[in-house]
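2 protein chains.
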Amino acid sequence: MQLNKDLYIIGIGPGNLADISRKAYQVLNEVDVIVGYKKYIECIKELTREKQQLYSTGMRKEMERVEKAVGLAAAGKKVALISSGDAGVYGMAGPAFELIAKNDIAIEVEVIAGITAANAAAAVLGAPLMHDYVVISLSDILTPWDQIKKRLKAAAEADFITTLYNPRSSRRKMQLQETQKIFLKHRSPDTPVGIVKSVGRDGEELMITTLSELPLEKVDMLTTVIIGNSNTYVAANKIITPRGYKI
Amino acid sequence: MQLNKDLYIIGIGPGNLADISRKAYQVLNEVDVIVGYKKYIECIKELTREKQQLYSTGMRKEMERVEKAVGLAAAGKKVALISSGDAGVYGMAGPAFELIAKNDIAIEVEVIAGITAANAAAAVLGAPLMHDYVVISLSDILTPWDQIKKRLKAAAEADFITTLYNPRSSRRKMQLQETQKIFLKHRSPDTPVGIVKSVGRDGEELMITTLSELPLEKVDMLTTVIIGNSNTYVAANKIITPRGYKI
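Heads up: the protein sequence lines correspond to chains A and B, in order. Note that UniProt numbering has the first sequence beginning at 1, numbered continuously upward. Note that UniProt numbering has the second sequence beginning at 1, numbered continuously upward.
Read the hints as simulated data drawn from the structure, not as lab findings. The structure presented is a predicted model; accordingly, all values stated were derived computationally and were not measured. Take the hints with a grain of salt, since some may be wrong.
[To be verified] Calculated cross-link-like contacts (lysine-lysine; reagent style BS3-like; alpha-carbon spacing at most 25 angstroms):
1) A:Lys61 x B:Lys246
2) A:Lys173 x A:Lys150
3) B:Lys45 x A:Lys23
4) A:Lys150 x B:Lys150
5) B:Lys150 x A:Lys149
6) A:Lys153 x B:Lys185
7) A:Lys39 x B:Lys246
[Said to hold, decoys possible] Per label pair, the in silico range of CB-to-CB distance:
8) B:Arg60 x A:Thr210: 28 to 38 angstroms
9) A:Asp202 x B:Leu54: 27 to 37 angstroms
10) A:Gly244 x B:Lys38: 18 to 28 angstroms
Even for Gly, the Cβ is constructed at its ideal location relative to N, Cα and C.
Construct the entire structure; sequences and hints are all you get.
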């Protein structure tokens with residue numbers, strides 16, 4: 001395969017080599033350098049070759065990785081910058097393009113889309129995302145909580161299926177509880193809720209529960225939460241949102 | 001590869017064999033029967049083998065395909081039922097699980113997630129989906145227009161990045177125009193809008209425009225439209241929504 005770009009920004013999906021796209025796999029196998037968060041580098045290490053350079057850093061070092069990847073690409077290396085899920089959803093594509101545009105760096109870039117957590121979690125829960133849906137991150141590190149709350153209210157009122165990213169961490173517990181309260185004002189306590197931990201990875205766990213019984217303490221940063229809309233139901237142990245077909 | 005399920009519901013992504021997941025590719029290569037809309041069967045025909053049975057029907061025959069796939073799986077065949085994009089997003093996963101649950105059919109099912117149009121279109125536009133976003137279908141065949149409008153208003157008011165599926169057809173032109181009006185009440189006329197036709201397929205076309213200048217007549221059923229949030233901007237010919245990092 002001829003690599004005709006300088007920098008590939010790649011979503012590796014949930015984190016196993018089966019859910020990765022064929023193109024992502026091939027490009028990761030052929031670039032000179034792979035840059036990513038250390039846990040994600042681990043996920044794909046099996047497909048790398050000895051002569052490839054791997055550059056990883058820890059949590060919250062996103063800008064360091066972006067600068068490294070863009071710098072190496074500008075210096076003539078073929079580089080892959082990886083995110084888990086889809087790099088375009090709260091991932092590395094945004095900061096990479098921001099840096100490139102701000103500094104007017106002349107490199108060719110391709111984003112290779114990946115399976116984001118909403119779709120990966122939905123697949124193991126059944127078919128909860130079959131109608132209009134929102135994706136909201138509950139992390140208030142980069143976004144004020146008031147703005148997140150406004151979006152949660154809008155999603156609850158307008159009956160969107162709602163997928164929560166970064167729902168809860170050891171230091172940040174209030175947001176998920178608040179979210180539950182907001183949704184209980186607009187949706188039945190029996191609304192199905194799916195919780196998937198480490199989707200697609202070793203130790204994947206899933207639970208189907210309801211809005212009122214959502215076990216807050218079981219939710220952490222590796223968990224994706226999907227709240228159904230007013231038509232969502234559970235049958236044969238699957239969460240199903242009807243699209244409207246006559247069955 | 002050992003196929004340990006009876007029915008695989010597979011999202012084939014935008015419609016080329018590079019964007020398909022490695023697992024989807026392998027399963028499609030090994031099942032006895034592949035069921036799908038005829039255009040999507042064409043997309044993957046190259047990977048099929050002579051002894052595999054292909055069953056395709058035309059538009060709006062979704063339930064016919066679901067019944068066929070579930071029936072063959074119940075009869076002991078290994079079956080793949082395919083959707084474009086992700087089968088769990090306005091795709092075949094919903095009606096399949098509904099039919100299985102309603103008729104209490106004892107088959108083992110796995111959904112293999114695919115890249116949905118929102119993520120595929122975002123990848124070619126830059127990084128528009130880097131913050132909270134909604135996915136809304138403008139098709140009023142199965143959903144009343146009033147309900148869709150309510151969701152559009154909520155998305156516009158709460159500053160969600162908004163991806164429109166099925167935005168406009170030869171018979172259905174009003175919805176996109178109305179959507180533009182709704183968004184213009186809440187967002188700047190200069191808000192970046194990305195339009196991608198036939199993403200990932202032959203004849204892919206993309207255009208970066210603004211909310212007020214959105215060329216309605218260029219949008220059809222094969223088009224995905226992404227409307228930025230209030231922070232989205234265009235630089236170096238890419239649509240970028242900042243996540244909040246200091247660049």
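Do the hints match the structure? See the list:
{"no.": "1", "hint": "A:Lys61 x B:Lys246", "result": "12 angstroms, holds"}
{"no.": "2", "hint": "A:Lys173 x A:Lys150", "result": "18 angstroms, holds"}
{"no.": "3", "hint": "B:Lys45 x A:Lys23", "result": "18 angstroms, holds"}
{"no.": "4", "hint": "A:Lys150 x B:Lys150", "result": "16 angstroms, holds"}
{"no.": "5", "hint": "B:Lys150 x A:Lys149", "result": "19 angstroms, holds"}
{"no.": "6", "hint": "A:Lys153 x B:Lys185", "result": "19 angstroms, holds"}
{"no.": "7", "hint": "A:Lys39 x B:Lys246", "result": "23 angstroms, holds"}
{"no.": "8", "hint": "B:Arg60 x A:Thr210: 28 to 38 angstroms", "result": "34 angstroms, holds"}
{"no.": "9", "hint": "A:Asp202 x B:Leu54: 27 to 37 angstroms", "result": "35 angstroms, holds"}
{"no.": "10", "hint": "A:Gly244 x B:Lys38: 18 to 28 angstroms", "result": "23 angstroms, holds"}
The structure is consistent with each of the numbered hints, conforming to all of them.
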